[in-house]
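**Q** From first to last, the protein sequence lines stand for chains A and B. Our numbering applies: residue 1 is where the first sequence begins, and numbers increase by one. Our numbering applies: residue 1 is where the second sequence begins, and numbers increase by one.
It is worth saying that the hints were derived from the structure and are not from the lab. Treat the numbers as computed from the prediction; the structure is a model and nothing was measured. Yeah, the Cβ is synthetic: ideal placement off N, Cα and C, and Gly gets one too. Heads up, some of the hints might be wrong.
To be verified - Simulated pairs of lysine-lysine, DSS-like, Cα-Cα distance not exceeding 25 Å:
1) B:K232 <-> A:K37
2) A:K53 <-> B:K232
3) B:K268 <-> B:K341
4) A:K4 <-> B:K35
As the list claims (entries may be wrong) - Some chain B residues flagged as far from chain A (calculated, every beta-carbon gap over 10 Å):
5) K55
6) Y106
7) E323
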Amino acid sequence: MIVKEWCMYCGECAGLCPRNLIEVRETSLIFHEEGCKDCRICIQICPVEALEK
Amino acid sequence: MIVTDVLVIGAGPAGSSAAKHAALNGAEVLMIDKKSEIGAPKRCGEGVSKEGLKKLRIEPNPRWVTKELSGVRMVSPNGTDVVLDDEKVKLPEAGYILERKVFDKYMAMDAGRAGVQIMIKTLATGIERDGDGIIVYAEHMGYSLKIQTKIVIAADGPESRVGRWAGLKTSMKPKNMESCAQFEMVNVEMEEPDCIEFHFGSVAPGGYAWIFPKGDDIANVGLGILNTVTDKTAYQHLLEFVDQCPATQNAQPVELNIGGDPVGGLIKELLADNILVVGDAAGMVNPLTGGGIASGMTGGLIAGEVAAKAIKNNDWSAKGMEEYKNRCQEEIGDSFKKYLKAKDYMLSLTDEELNTIAEAFRDSDFESINTTELLKKLVKISPKALLKLGKLF
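Chain A on its own, in the form it takes in the complex:
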């Protein structure tokens, strides 16, 4: 997952990830992509379009 520079680490993606794979830190996002099923919910719901596969 590519996290764009303008990500604000709000965590909406983490709250909606059905597999609990996103870790929101103060100034970074960590995707545990090994369990990702490519549902792309995180990309679709980002309020500022900061995520890209």
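Based on these hints, arrange chain B on the given structure of chain A.
**A** Below, chain B without anything else, positioned relative to chain A:
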């Protein structure tokens, strides 16, 4: 290894409330937060009801109250407005606009004064059951930590992972998560500067837009949308709203806030052995207004009291803490059910129906009008809207 009775993860208002009340009732409490500054960045319109604070016995403090409100102005898509006066109509969220960065810190300080140990810049990274307790793995300034605790109170916000680590279904569905974007702006010219303002209809699909005055010409201007009903992002809708709204024609942003607001009501599983979930993580957000400060803190208060009692009784199993679920349902969940229905009704209305209703009720005296008269008026102006209402109740 750090050892404690109760570990609260997340130092928002719900977490601080839980920590404070657990400590006041005799438990040894540690509260951790991943951020370097409690309360920042804010992710909120900052409105809280007077009644909510009163119930929590929190005295409004000029340090964190930026504005006392006198009512609500509701604006339909064509600009027709209905103004409800707080003195005449009991409004669920009319009260104060806060400075959350100060308020959240102040609530954490309250917890600290009650005896809570606080660690900031401390991120929980996993949990593991350990006999009848729990080990929480955490990181603090580059160091790994192990925290042994009897009870974890998960107050880690809408992005909650802690509840899910414990096997609870705390993840939200997109239809239950409002995607929000907000500017704090200056030069905002409101028609009713003492009222919070809601704008309904296609301006914010699946939600509404708001202007919450913070005193002088400053206001939080934001909106919440459902991604399931629009292809645009919350930020794109916000830019359009600011561009079109008469109050923000000369306004300039000084802060941008974004984030999710869980509006699906209380989650079904609020607790497990050793675990209580509170605040946004538990869906303690009014589904109609999106406000979650007072309800989250109420949940926190209950969680704190129940956790302390469980420690005293030496029983922190889900069964031993069942009181938490029952009290939350009674004090928070039951009222949310009616707000959920009201929200569904609001979202079912078209722009045209919203305009018709606003025009009909524009000059109504809500103090003297009763429910029957409201319904009679509704059937007269928009039978379709009444039919939709009937389907919900």
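**Q** Against each hint, give a clear statement of whether it holds in the structure.
**A** Here is how each hint holds up against the structure:
Distance check on the hinted pair: K232 (chain B) and K37 (chain A) sit about 24 Å apart at the alpha-carbon level, within 25 Å; holds. With a C-alpha separation of about 18 Å, the suggested pairing of K53 (chain A) with K232 (chain B) holds against the 25 Å cut-off. At roughly 18 Å between alpha-carbon atoms, K268 (chain B) and K341 (chain B) fall within 25 Å of each other, so this suggested pair holds. With a C-alpha separation of about 21 Å, the suggested pairing of K4 (chain A) with K35 (chain B) holds against the 25 Å cut-off.
A cut-off of 10 Å between C-beta atoms confirms that K55 (chain B) is not in contact with chain A; the least separation is 27 Å. Every CB of chain A lies more than 10 Å from the CB of Y106 (chain B), the least distance being 21 Å, so the non-interface label holds. Distance check for E323 (chain B) against chain A: the nearest CB is about 27 Å away, which clears 10 Å, and the non-interface claim stands.
Comparing the model with each numbered hint stated earlier shows that all of them hold.
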